[in-house]
Structures are given as C-alpha cells and as structure tokens.
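The listed protein sequences derive, respectively, from chains Z and Y.
Read in order, the letters of the first sequence are residues 1 to 255 in the working numbering.
Read in order, the letters of the second sequence are residues 1 to 255 in the working numbering.
If you are wondering where the hints come from, they were derived from the structure by calculation, not from laboratory data.
All values derive from a computational prediction rather than experimental measurement.
Do not rely on the hints blindly, as some may be mistaken.
Put simply, identical chains are the same to the list, so a pair is met inside one copy or across any two.
[As the list claims (entries may be wrong)] Mimicking EDC-like on lysine to aspartate or glutamate, the simulated pairs with C-alpha atoms at most 20 Å apart in a straight line are: (1) Lys246 / Asp51; (2) Lys250 / Asp88; (3) Lys230 / Glu240; (4) Lys176 / Glu159; (5) Lys254 / Glu172; (6) Lys235 / Asp182; (7) Lys250 / Glu220; (8) Lys250 / Asp102.
Protein chains: 2
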Amino acid sequence: MKTDRTIGRRIGIFDSGAGGLTVVRSIVEHRFFDEIVYYGDTARVPYGTKDAATITRYALEALEFFKNFDIDLLVTACNSVSAHALPDLRANADFPIYGVIDPGVLALKNSGLGKEARILVLGTRATIASGRYQRGIRALGYTRIEAVAPSLFVPVVEEGLFDGPVLQSTLEHYFKELTPPDAVILGCTHFPLIAEAIRNYFPNRPLLIHSGEAIAEHLESEGYPPGRAKKTDLKIFASENPNALKSIAKRWLKR
Amino acid sequence: MKTDRTIGRRIGIFDSGAGGLTVVRSIVEHRFFDEIVYYGDTARVPYGTKDAATITRYALEALEFFKNFDIDLLVTACNSVSAHALPDLRANADFPIYGVIDPGVLALKNSGLGKEARILVLGTRATIASGRYQRGIRALGYTRIEAVAPSLFVPVVEEGLFDGPVLQSTLEHYFKELTPPDAVILGCTHFPLIAEAIRNYFPNRPLLIHSGEAIAEHLESEGYPPGRAKKTDLKIFASENPNALKSIAKRWLKR
Numbered sequence: 001m002k003t004d005r006t007i008g009r010r011i012g013i014f015d016s017g018a019g020g021l022t023v024v025r026s027i028v029e030h031r032f033f034d035e036i037v038y039y040g041d042t043a044r045v046p047y048g049t050k051d052a053a054t055i056t057r058y059a060l061e062a063l064e065f066f067k068n069f070d071i072d073l074l075v076t077a078c079n080s081v082s083a084h085a086l087p088d089l090r091a092n093a094d095f096p097i098y099g100v101i102d103p104g105v106l107a108l109k110n111s112g113l114g115k116e117a118r119i120l121v122l123g124t125r126a127t128i129a130s131g132r133y134q135r136g137i138r139a140l141g142y143t144r145i146e147a148v149a150p151s152l153f154v155p156v157v158e159e160g161l162f163d164g165p166v167l168q169s170t171l172e173h174y175f176k177e178l179t180p181p182d183a184v185i186l187g188c189t190h191f192p193l194i195a196e197a198i199r200n201y202f203p204n205r206p207l208l209i210h211s212g213e214a215i216a217e218h219l220e221s222e223g224y225p226p227g228r229a230k231k232t233d234l235k236i237f238a239s240e241n242p243n244a245l246k247s248i249a250k251r252w253l254k255r
Numbered sequence: 001m002k003t004d005r006t007i008g009r010r011i012g013i014f015d016s017g018a019g020g021l022t023v024v025r026s027i028v029e030h031r032f033f034d035e036i037v038y039y040g041d042t043a044r045v046p047y048g049t050k051d052a053a054t055i056t057r058y059a060l061e062a063l064e065f066f067k068n069f070d071i072d073l074l075v076t077a078c079n080s081v082s083a084h085a086l087p088d089l090r091a092n093a094d095f096p097i098y099g100v101i102d103p104g105v106l107a108l109k110n111s112g113l114g115k116e117a118r119i120l121v122l123g124t125r126a127t128i129a130s131g132r133y134q135r136g137i138r139a140l141g142y143t144r145i146e147a148v149a150p151s152l153f154v155p156v157v158e159e160g161l162f163d164g165p166v167l168q169s170t171l172e173h174y175f176k177e178l179t180p181p182d183a184v185i186l187g188c189t190h191f192p193l194i195a196e197a198i199r200n201y202f203p204n205r206p207l208l209i210h211s212g213e214a215i216a217e218h219l220e221s222e223g224y225p226p227g228r229a230k231k232t233d234l235k236i237f238a239s240e241n242p243n244a245l246k247s248i249a250k251r252w253l254k255r
C-alpha cells in the first residue's frame, strides 16, 4: 500500500461496460492524474443483473488485468462491483481501491439536506440487493429511504434513448408509486446520462447525486490534488470490441 | 456422427439464458425425448449484443459442458449462437447440432405464403447483423424483407412486462416506421413471450413464426418421431444461480 497518495499519476478505472465513462469524464475534468487506464468488461456486461459470486469472480479477473500497468490506485466505477467485491479486491491488491458507494453516501452528507429529507436510491438489482447504500444513508441519520432497481434504465441508455416516449414510460413504470424524493442517488454509472429526465419526472426537481462527481470529491478528500495534471491521457481497453467502446467514449466525453 | 437419428433419447438444449425455455416447452409437448439437458449461460447473458468472436468462444465452452452428458443431439436455442457459432460447434462435436435459423426459414417456406408477402425478421443485433435469416428468406424467393433488431425486447421480457405501457411504447419505437408485414419471424427465444402484443400491434395481425415450434417440425423432418417418449424429464443447469432459472422454468412452462 503506497502511503503518499498525492503522488498518484496513473489511475485505473474499471467498469462492466461503457457506463464508467461518466466517471472518467469527471476525473478528466478535475485533472487529478496524467493517465487513466480504463477497462470495460464488455464481453460480459451487464453485471447488475448477476449475483454477488459472479460479480466478484469477474472483478478479480479484471484486477489481474490492471496488474499489467503500474497504476497508483483503482476505482471500481461500477456500483454493482463496489457493492459486492471490494473486500476481495482489496485483499488481492497492493494499491488502494475505491468504490463509488461510500463517496456517494459522503456526497449526500455534504449536501446539507436535513435528516427529514426523503432519499431515493436508484441502482441495479445487485446494488440495491446488497443494501450498502441504504445502510450508509441510514447511518447518516436519514430514515425516509426508498430503494428501487429500475432494471430497464441500463438497456434504455445503451439504446441511446436519452429522451422520448420509451424513456418516459419506463420512468413512469418505476416511479409512479413514489412520493417525490428530496434527493436521488444515481447509484449506477449509466444513470447520469438520463439525469435530466429523472429530475424532471418529479415536480419538485430533487437534488441528484452522481457517482462520478462524488468520486472526484472523495479523491480530493483523500489527498489527491485536482488540477495537478496538465492534461489526462485516456487509454481504453475492453474484453470485446474495444473500438466500439472508444467511439462511445468520444461521444459521451463530449456530452 | 450417429446415423440412426430416430434413437435419440437425450437432447441437449443450449441458450444464453432463460429464453431457450420457450424451445423446451415445444420439445416437451411433442414428446420427442426421454430427457432434456438444458444449459443456460446466465453468468454472461445476453449474447445478442456481443460480437461474433465472443459468442463463438462462449458457445464452444458450453459445448464442453454438454460433453459431460451422453446427449444424442444438441439444439442451440439461441438465435445469436445459431447465427454465428454453428460451424465451429459442429467441427468440435461427434453428435448432430441444430440451430434455430434454418428451421425458422423452413417454417416460413411451409407456411404457404406467396412470394409477394412482406416478411419482417426480428432478432438481436448479432442475429440481424449476421444476415442469415435474410439470406435464407431471399433464397426462398421473397424480396420484401425488413430486418429489425429491437434490442429492448429482451430486457423488457426479462423484467416480466408482457403487456402494458412500457411494452407498447417499445413496440411503437421499433415498429412505427414499418409497413405492416404479412409474416413476422420471432428470431430470438425471448420474443414468443410477447408474441400476442407483437401480432396485435399490426392491424392486419400477421402470421408469427416461432423458433420453438419450428425446431420441433424440423426435428420431425429429420427423423425424430414425436410422441415417442412417455414423458420428458428436464434437467436444468446454469453458469450462475440455477435456482433462479429453475423457478423461471416452472413459471414459463405453465404459461
């Protein structure tokens, strides 16, 4: 384990597919690192519908891939991995590994929302089933917590339907029974891409908490200074069709 | 390669996940075999969004699993596997292997539809990109062929939304530009579960061709007599969470 974390120059970012590129965007904007090594397990995406043992097995395989590079730290951008695989990953690495759930909970804490606020947690089936967001939020003193796994959000985003009637009927399907929340945790890297539609669904336009932004704040609080790098190079790898991932990266990082 | 195909007692059925259970239902109803060994690669589902090399690699791994059983033949219920992996599978097995695309094309041929009929092929991205249905149908003399990859149908079915507004807006998204077809090829094992909604979308209620039914007819034409078995035992295996697959099987086989 490296002790001086401020020297980090190369960060690894792992996701089941393209979703983690929303985290990349934030890391690039904050210029923490000279280089990002991104690995998407596109041959086995999605993880969020798989069970904990499978997710952990796949994450450990990805960790071996990252050992080919001299990375200073690893971020598991995938919430499903963050929910289930962190202890096993940390037991097998000699660099720090950060998930996105604790940073998301910390961002809620820093939001200044009162403890009577209604919190809606959105995540994949695997993330919600782990209960990790819910426990973290309850530990902050919030008691009005709803957790929903809107499984169709991921394929809807992957189909590029960032607005329109399919997205609207999908939002309606998962949200129609809910009391409008004061804050929504976007507990899956795909969800920031439909953030505006999620916020606009609720008449009170709740506060949204993004994993990507949250991890940037969290890294800063851990001693990684933003703005240190002149620019951040991005190297993209995938378990299948890296060119498809690279063109998604070009498109999404512009958005 | 066994020469007397009428002796088949044990059939292997392979699918990426639960979808192939629609094929199981048809094989059970026709009582061709004493035993079905079903294997669903639930840890890596879906296949239809993956590329040809990945699909072939996964199918070859599944083939090794089936070699643990003394199966007389193997059906790849997954259209994406049938579209891309059959030559490699056949080169590595000493039992016959059937896909579902040729049977589907044969069922269209046997339908008696005139050559001026409009044919709509529905399948995953991988199946449609292979062009195998389109070439087979063109070889029958049909010229009015549309091929569409409605990628959201699989997750919508997996979410259990067999009717209602999400399914309707999804049908509308993929079908609104189409001239109503005379026949629809359901080129993915998930699609029979929303067959009625697909037919009802078009005012002319087109003929639907199911992979599951088609493979049963095809096996009969290959010399496997239906009604031979008193009853068909079903053994279910999965690369993750076999119990979930077993409970889906109970539910779907009743429908």
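Taking the hints in turn, this is what the structure says about them:
1. Lys246 / Asp51: Classified as between: cross-chain Cα gap 15 Å, same-chain 28 Å, threshold 20 Å.
2. Lys250 / Asp88: neither (32 Å within a copy, 35 Å between copies)
3. Lys230 / Glu240: Classified as neither; 31 Å inside a copy, 45 Å across copies.
4. Lys176 / Glu159: between (23 Å within a copy, 17 Å between copies)
5. Lys254 / Glu172: For Lys254 and Glu172, the Cα distance exceeds 20 Å both inside one copy (29 Å) and across copies (30 Å).
6. Lys235 / Asp182: Classified as neither; 38 Å inside a copy, 49 Å across copies.
7. Lys250 / Glu220: Classified as neither; 26 Å inside a copy, 51 Å across copies.
8. Lys250 / Asp102: Answer is neither: 29 Å inside a copy and 39 Å across each miss the 20 Å cutoff.
In summary, the numbered hints that this structure violates are 2, 3, 5, 6, 7, 8.
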